[in-house]
Amino acid sequence: MRKSAELLPGTLDMLILKAVSLAPLHGYGVLLRIRQISGGALDIPQGSLYPALYRLEDQALISSKWGQSENNRRAKFYALTAAGRRRLREEAKGWNQLAAAIAAALNAKPEEV
Amino acid sequence: MSVFGRTRQRLWAVVRRKRFEAGMAEELRHHVEQYASDLMAEGLPREQAERRARLEFGSLEAVKEECRDSRGLRLFDELRRTLAQMARLIRKAPGLTAASMAVIGLCLGANLAIFAVVDAIMLRPLPFPDSDRLMVLYKTYPGVGVDRDGASAANLYERRERSGSLDAFASFALLRYGSAIVGEAGSTRREEITRVSSGFFSVLGISPAKGREFSEQEMTYETDDVAILTDTTWRQRFGADPDVIGNAIRINGAPRLVVGVLPAGFRFLSSESGIYLPLSSSLEERGPGNRHSGQGGELIARLQPGRSVEEAQAQIDALDASIADQYRQPTLMAEAGYRTVVTSLHGDHIASVRSTILLVQGGVAFLLLIGGANLVNLLLMRASGRSKEFAVRMALGASRPRVVADVMVETLTLTTLGAFTGLAAGTAGIHLLRALGADRLPLGARVAFDGHLGVAALLVSIGMGIAAGVPIAWFHLRGGGNPALPWGARGGTAGLAAQRLRHGFIVVQLALAFVLLSGAGSLGLSLRNAASARPGFQPEQVLSGQVSLPGSHYSNNRTRLSFVARVLQDLGRLPGVVAAGAATNVPLSGQNVKSGIGVKDHPLRPGELPRVVYANSVDGDYFQAMGIRLIEGRFVEAADSRRAERVCVVDENVARYYWPEGGAIGHRLFQGPRAESDADLYTIVGVVGAVKQASLTEGATHGAVYFPFGHRPNGSMYLVARTIVPPESLRADLQRIVRAADPELPVYDVRPMEARVGDSLLARRAPALLALLFAATALMLAAAGTYGILSYAVAQRRREIGVRMALGAGAGAIRAQFVVMGLRLLAVAMLLGAAGASLAGWAMRNQLFGVPVIHVPTLAAAGGALLLLSLAACLFPSHRAALVSPVEALAED
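In order, the protein sequences belong to chains A and B.
Using the numbering used here, you'd call the opening residue of the first sequence number 1 and step up by one each time.
Using the numbering used here, you'd call the opening residue of the second sequence number 1001 and step up by one each time.
If you are wondering where the hints come from, they were derived from the structure by calculation, not from laboratory data.
Note that this is a predicted model, so its numbers are computed, not measured.
There may be inaccurate statements among the hints.
[Said to hold, decoys possible] Think about it this way: if two alpha-carbon atoms lie no more than 25 angstroms apart in a straight line, the pair counts; the simulated SDA-like pairs of lysine to any residue are:
#1 A:18 to B:1030
#2 A:76 to B:1692
#3 B:1064 to A:66
#4 A:65 to B:1062
#5 B:1600 to B:1647
#6 A:76 to B:1024
#7 B:1064 to A:57
#8 A:65 to B:1025
#9 B:1064 to A:95
#10 A:18 to B:1692
#11 A:18 to B:1038
#12 A:65 to B:1714
#13 A:18 to B:1069
#14 A:65 to B:1064
#15 A:76 to B:1062
#16 B:1692 to B:1714
#17 A:65 to B:1647
#18 A:65 to B:1007
#19 A:18 to B:1066
#20 A:76 to B:1020
#21 A:18 to B:1032
#22 A:65 to B:1692
Build the full structure now, drawing on both the sequences and the hints.
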């Protein structure tokens, strides 16, 4: 397994919101989806996933519903709420601005100073 | 989601807790299983896959705890845990709970009751808007022994006129307490009234509920036939008639127009006045000639916002300095140290009781400390028994904050439970204080159980809980950190430290009890000394009552003299009366009339100031009725009032000052700064014994002069009668005799002289009684504490005792060991206590009378009492120690 990139603080919530925005997922599914959409580069510590899910649900950014998993087991599925969608948009925007700014800073050349 | 929705969701999680927990467990299990099956799909054998899945997931319980935390369930869990802990404490240690509730309840209750007095009298502001800006201005002449003289109309009007140079003040008003005859002839009653200048109510910031306040035009004798009623008077006398304004009320035999009704609950300081009248004055009385007359007035003022008392004082001082050369006797005023003092109205009103109240509060605070120390010792003994439990819990990973929190929850539970018993005890205490006369203190009517007390009880109990928790937590943390402690090892360092701690707290208890006991002893002795101080007259079997002759009906000397003569004649003929007399004032009446005197042929030496003496005008057989001793010459008699020749009697203090070698009789003296002519001189015809006028503990005074009533008449007088029957039984006869002379006149303030003597000790009796009560409680607590400590020591050392007895130690030696232990603690406590008692004696030196600050017999008696009680407390535990059976003790464990 490739060494996964370090997860920046504060980004876990954003990644979870992104993962469930594509389709309702159960907890384990969220883990797999994040690994998948990051091309296997991001691996979430399993222990911190559930507290984050519960926190997001408490903040009403996601909602949960019991359903059937792909292998016919009872599982809790998480879906994005309207508030969650708004939050995801804001966070993504903020993240992109930050990333662009950092990239610009790192690309600075001596003559630009 | 709204705050409401989120709260609902959380509440849902709390209520459906089981379902929440089950769902969470299923979800996490599902995760781990899925992961394991994915790993198996990658080719791992089942067992390894499951193991790795569990390992990578981490502690299931920790994750669950975090999830609960995320859902805001943690706080709820903690709360429930704490409540369960409190319930368990009460269930498992009912004895401890009951004991601490009793101890704290008693100590806190006593404190709350006293605090109710402190709060009512000192802390709660006066019930007027911005009352901290209300001031009183009084004159003081310390050089001639007059510390506080009131203010005259001249003082009021002069300051109002000079308001330009007194811009720190917003307004001034004058008032004078008094009484008046209210009602129709035949059913008149003497009632307290207050005369007030215009603007009085606006200075206070109060406007009448109906009508208006007095105008400046109503402040002359020709125009002052108006009155303002309090709400109570309006209800009682006018049946709360809404159209009362414009009606008449009969006061001193003349009708007055009601112009205003005050708001309900209005009360000026401690005044009982139901009626307010204008404080009239003539132009002459307002003139500069009256700057230094007192007239019993009180000048109050309101400061401008943002201006300080110091600024106000400086402006008054500057004004006084600018007019000082206009005084009639400028040098005399300077030598007398004349000054006008500006001070807080509230502070001035309670100044006489402040130090006593603080002393009592200080004493009762000691009781609280003793109770606290007692509680800590109870808890420390319990903690020793639980050190194993705590050591195990800390080994199992309970964090230090967790241990501290657990201890605090317990101590706080006990103290807050104690606060409830304390509030109940405090309510009872307030009733007791009322019975002791608390409501007769200035502002004492405000003493009541209120929300302040609840808050105080809560704060003190929380403070006590935390303070008591500190040593207990320290004990557990220390014990937990020490691997030598667990499994019942005794005498380890923690055990020793705990013992020292317990002994320290018992020493504190004993020392504080000692201080309280000796303080109570000193106050009690002072009370006894004061009560046995010779008043200079014989108060037994004397009835006294006051009569005031209204100036309108008794404008000249002849009418007043004939009234007094008739009343005294009737009174003297009453069966049971042996002597009857009249005087402008009687001793211990609460009023003092003083006057400056001089002696003919005794010119003032440089620096010598006129003597200011108690001046009294007497008629009839006043001296015989009062039982005042004749030293030489004769008394002033009824006939002296009806002769042109002016005579007087001086007391031994006056005689000794002017004629230390004797021979006062025949000399002549005068009232006031100088004698205008020889006709103003009074010839001394007798010398009588000194009488305590202001209080039984009054120090050396300048003395007293008695004039014949006819030469120095007064509108108000006391009638006194010496009886051979119980004086109270003649009360109705006294009223009947006065009404026979004038049906308009009521007699008031009718009391046996013994009652006046008794009441004058009120300010000493109540604190002494309270101190005694506190000391007795402290003694009980300290004894119970000593008993507990020794019993515990005996129980803890059973094995040691058994070994020593098995090796041949006798019962006497064992018994002596514990008695000595108790006595050693007591000895240390006594040393500390003696030092504390000396400090306490110094702090209350003003309350002592005839008792030195360090009074060895009192200290010895307190020590003796404590010794006896400690011995008694040692006796039973040491006896039980001596009964230990070696075989049983060694077989235990």
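Do the hints match the structure? See the list:
1. A:18 to B:1030: Measuring from Cα to Cα gives roughly 22 angstroms; hence the hint holds.
2. A:76 to B:1692: violated, 94 angstroms
3. B:1064 to A:66: holds, 19 angstroms
4. A:65 to B:1062: Roughly 24 angstroms separates the two Cα atoms, so the pair holds.
5. B:1600 to B:1647: Given that 25 angstroms is the threshold and the Cα spacing comes to 14 angstroms, the pair holds.
6. A:76 to B:1024: Distance ~9 angstroms between residue 76 (chain A) and residue 1024 (chain B) Cα, so the pair holds.
7. B:1064 to A:57: holds, 15 angstroms
8. A:65 to B:1025: Within the cut-off at roughly 15 angstroms; holds.
9. B:1064 to A:95: Given pair residue 1064 (chain B), residue 95 (chain A) is violated - Cα atoms ~30 angstroms apart, limit 25 angstroms.
10. A:18 to B:1692: With Cα atoms ~96 angstroms apart, residue 18 (chain A) and residue 1692 (chain B) exceed 25 angstroms; violated.
11. A:18 to B:1038: holds, 23 angstroms
12. A:65 to B:1714: violated, 99 angstroms
13. A:18 to B:1069: Status holds; Cα separation ~24 angstroms.
14. A:65 to B:1064: holds, 19 angstroms
15. A:76 to B:1062: holds, 20 angstroms
16. B:1692 to B:1714: Distance of about 22 angstroms is within 25 angstroms: holds.
17. A:65 to B:1647: Given pair residue 65 (chain A), residue 1647 (chain B) is violated - Cα atoms ~112 angstroms apart, limit 25 angstroms.
18. A:65 to B:1007: holds, 20 angstroms
19. A:18 to B:1066: Roughly 22 angstroms between the alpha carbons, so the hint for residue 18 (chain A) and residue 1066 (chain B) holds.
20. A:76 to B:1020: Holds, because 12 angstroms separates the two Cα atoms, which is no more than 25 angstroms.
21. A:18 to B:1032: holds, 23 angstroms
22. A:65 to B:1692: Violated - the C-alpha atoms of residue 1692 (chain B) and residue 65 (chain A) are around 93 angstroms apart, more than 25 angstroms.
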